[in-house]
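Engineer: Chains as they are written, first to last, in full-length UniProt numbering: chain C, 1 to 422; chain L, 1 to 328.
The hints are simulated quantities; they were obtained by calculation from the structure and are not laboratory data.
Keep in mind the model is a prediction, meaning the values are calculated, not measured.
No residue lacks a Cβ here, since even glycine has one placed at the ideal position from N, Cα and C.
It is possible that part of the hints are untrue.
EDC-like cross-link-like pairs, simulated, lysine to aspartate or glutamate; straight-line CA separation at most 20 Å [to be verified]: (1) L:LYS181 to L:GLU171; (2) C:LYS218 to L:GLU5; (3) L:LYS253 to L:GLU306; (4) C:LYS218 to L:GLU26; (5) C:LYS415 to L:GLU199; (6) L:LYS39 to L:ASP52; (7) C:LYS248 to L:GLU26; (8) C:LYS248 to L:ASP18.
Examples of chain L residues lying across from chain C (beta carbon under 10 Å, computed) [said to hold, decoys possible]: (9) THR53; (10) THR56; (11) THR61; (12) VAL65; (13) ALA67; (14) LYS97; (15) ASN99; (16) ALA103; (17) PRO109; (18) ASP163; (19) LEU185; (20) SER187; (21) SER190; (22) ALA246; (23) ALA249.
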Amino acid sequence: SPPSAPVPRHRIPQIPLNPARASRASPAMAAAILRRLSPAAAQRAPPRLLPPTLARGVSDSTEPLTVETSVPFTSHIVDPPSRDVSTTPRELAAAFRDMALMRRAEIAADSLYKAKLIRGFCHLYDGQEAVAVGMEAAITRRDAIITAYRDHCLYLARGGDLVAAFAELMGRVDGCSRGKGGSMHFYKKDANFYGGHGIVGAQVPLGCGLAFAQRYRKEGTVTFDLYGDGAANQGQLFEALNMAALWKLPVILVCENNHYGMGTAEWKASKSPAYYKRGDYVPGLKVDGMDFLAVKQACKFAKEHVLENGPIILEMDTYRYHGHSMSDPGSTYRTRDEIAGIRQERDPIERVRKLLLTHDLATAQELKDMEKEIRKEVDTAIAKAKESPMPDTSELFKNVYVNDCGLESFGVDRKVVRTVLP
Amino acid sequence: MTVREALNSALDEEMSADPSVFLMGEEVGEYQGAYKITKGLLDKYGPDRVLDTPITEAGFTGIGVGAAYQGLRPVVEFMTFNFSMQAIDHIINSAAKSNYMSAGQISVPIVFRGPNGAAAGVGAQHSQCYAAWYAHVPGLKVLTPYSAEDARGLLKAAIRDPDPVVFLENELLYGESFPIKAEVLDSSFSVPIGKAKIEREGKDVTITAFSKMVGYALQAAEILSKEGISAEVINLRSIRPLDRAAINASVRKTNRLVTVEEGFPQHGVGAEICMSVVEDSFEYLDAPVERIAGADVPMPYAANLERLAVPQVEDIVRAAKRACYRSS
Numbered sequence: 001s002p003p004s005a006p007v008p009r010h011r012i013p014q015i016p017l018n019p020a021r022a023s024r025a026s027p028a029m030a031a032a033i034l035r036r037l038s039p040a041a042a043q044r045a046p047p048r049l050l051p052p053t054l055a056r057g058v059s060d061s062t063e064p065l066t067v068e069t070s071v072p073f074t075s076h077i078v079d080p081p082s083r084d085v086s087t088t089p090r091e092l093a094a095a096f097r098d099m100a101l102m103r104r105a106e107i108a109a110d111s112l113y114k115a116k117l118i119r120g121f122c123h124l125y126d127g128q129e130a131v132a133v134g135m136e137a138a139i140t141r142r143d144a145i146i147t148a149y150r151d152h153c154l155y156l157a158r159g160g161d162l163v164a165a166f167a168e169l170m171g172r173v174d175g176c177s178r179g180k181g182g183s184m185h186f187y188k189k190d191a192n193f194y195g196g197h198g199i200v201g202a203q204v205p206l207g208c209g210l211a212f213a214q215r216y217r218k219e220g221t222v223t224f225d226l227y228g229d230g231a232a233n234q235g236q237l238f239e240a241l242n243m244a245a246l247w248k249l250p251v252i253l254v255c256e257n258n259h260y261g262m263g264t265a266e267w268k269a270s271k272s273p274a275y276y277k278r279g280d281y282v283p284g285l286k287v288d289g290m291d292f293l294a295v296k297q298a299c300k301f302a303k304e305h306v307l308e309n310g311p312i313i314l315e316m317d318t319y320r321y322h323g324h325s326m327s328d329p330g331s332t333y334r335t336r337d338e339i340a341g342i343r344q345e346r347d348p349i350e351r352v353r354k355l356l357l358t359h360d361l362a363t364a365q366e367l368k369d370m371e372k373e374i375r376k377e378v379d380t381a382i383a384k385a386k387e388s389p390m391p392d393t394s395e396l397f398k399n400v401y402v403n404d405c406g407l408e409s410f411g412v413d414r415k416v417v418r419t420v421l422p
Numbered sequence: 001m002t003v004r005e006a007l008n009s010a011l012d013e014e015m016s017a018d019p020s021v022f023l024m025g026e027e028v029g030e031y032q033g034a035y036k037i038t039k040g041l042l043d044k045y046g047p048d049r050v051l052d053t054p055i056t057e058a059g060f061t062g063i064g065v066g067a068a069y070q071g072l073r074p075v076v077e078f079m080t081f082n083f084s085m086q087a088i089d090h091i092i093n094s095a096a097k098s099n100y101m102s103a104g105q106i107s108v109p110i111v112f113r114g115p116n117g118a119a120a121g122v123g124a125q126h127s128q129c130y131a132a133w134y135a136h137v138p139g140l141k142v143l144t145p146y147s148a149e150d151a152r153g154l155l156k157a158a159i160r161d162p163d164p165v166v167f168l169e170n171e172l173l174y175g176e177s178f179p180i181k182a183e184v185l186d187s188s189f190s191v192p193i194g195k196a197k198i199e200r201e202g203k204d205v206t207i208t209a210f211s212k213m214v215g216y217a218l219q220a221a222e223i224l225s226k227e228g229i230s231a232e233v234i235n236l237r238s239i240r241p242l243d244r245a246a247i248n249a250s251v252r253k254t255n256r257l258v259t260v261e262e263g264f265p266q267h268g269v270g271a272e273i274c275m276s277v278v279e280d281s282f283e284y285l286d287a288p289v290e291r292i293a294g295a296d297v298p299m300p301y302a303a304n305l306e307r308l309a310v311p312q313v314e315d316i317v318r319a320a321k322r323a324c325y326r327s328s
């Protein structure tokens, strides 16, 4: 079973406490306090007030802060990056907020599924939030991401709309795929998020293709190609990785190793569960996937690496609290103790909460208030999504082709439903 | 112009006109193409645009589809379509369905091309026709050129089309030469997708065919004309979308139909054509629809058995006569 992490050791930052936070003062008073504490600090602009959804008082500072990851990186044929990760209070607060939002959204989806408002397949990401948020912190929206079917939070991390996500899950026309995709088929092309794929392992060659286009066009961007420990044995992965290495494609294969491929533990499915080494001639890094900062550091390192050297594999040691999907209780092949233990020792949101509290960047109450606001935000989004209607019948025949003017199509009884595609 | 020259010139011109077009497949570059269809293109466009792949269809087809997601225009060659089965998940689930599942966000302007159907003596695993398989799937377009004009015009149309196109060539047609009109040589020439061509007009019986069988149907029509039967030969050109309007218009004129295809008979192209005619033009039929297809067996190797497994001209003649209620 996955090891529990040691308690994080942090360096005390050599910066003054955020005066606005310390005194709960107005920006003018904050500036006065700043001038008193440190003349040099007075030259810097006072911290911006946070948007209303964030609890007032939580640090918005962009002062650099260095944190050591709880476990070092393990590497395969490459020198690993440093354990010391540069971050800022603003970034940590944003990570907390984003992960808490994702957590809340997935739990809400669980309820909607049990209420039969979501049908079919629903694969939840709670527990794995640090991978999505850490990756996003290291890259730009011009970099591409592709994943399989556990895609709700990747969509949100790429700037996806919360209402559109819930509407899609419920099969409504305001969903991000107009209700025609469902849980496994979220896309956001304008943010270079390419879905959303139901066939295990298929997304791996597709992601190498995205990277191929980036290199073809000399864009200087990279693709993060996500897959699970279950998909890691797929032949097409090795076919694509071979070509990616031959052609030096800027692709990062990210194995989200949550240790169970549906109901099968990794050691029962893989002769070698050291997924970061499976690339053989392709370098790899094993990362604590429950540590936002470790994920960020690894992704930043990987992006720089692949632009020079071709593909790399990142194995994210992570965990999903839910079963494989809503049809799987997740407790027939794992013990409740194991699940509870991970939640206790390694939860990604709790770790960032501890960082924020330890560095005095927020109080426990402020973070609780933030979570309350997030809960409200999610509830509001769901209510709005529920108002969205189901797609019009004419949607049945839309988007079969891009260039479909004049082509015929048929309903179940073509004497009743026969149409020319729009 | 031979079909080979037609395909090569079409690829050359489309690559020249649009820098996002690139080729991918086994032996397409340095070897000049397993069947020399891509000859000269590596020298002209370089290894960034003409990619020799390892023998890994699932991998390179997925890479091609991913590149198409990003808006490039890959032309992926299968050395024969028998090997496309290794990649069929990407053709269908990753390419054909994406525009629909994403409600129009992710389009896939890709062409999958290569020889389809039987060659000569290559045995069971190298002789299957995939027209019915791919034409089954909404979201794909399936083209079957016969002549040099078809090859040039349809391949250009396929590369320019924003949807995934399965382009089924035929190895035995590559070396065949066809007369062509001057306009076919123009670099902007293309043939519309979804429109069949009446290769030979007639009034007694309609014969539909595609790819190599068009040539056989034309030969059959010549034999039939000497026996007083005027056969109209339709070159389908496009299996999906199927030109039902042209087929039905022809059957309404002749009142009799023979469908010809090389592939396995069950659930084949002819079955779909027959049903379309029954649905739309039943009252016009004067005889049951006749179907000529490959034998319902894996392709044997021995020359005499192979001959029995693939339609011959006399089979088409016999079926046309039956449709006309004439004894052979």
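Engineer: Run the structure past the numbered hints and jot down the numbers of the failing ones, going up.
Structural biologist: The structure breaks hints 1, 2, 3, 4, 5, 8, 19, 20, 21, 22, 23; every other hint is satisfied.
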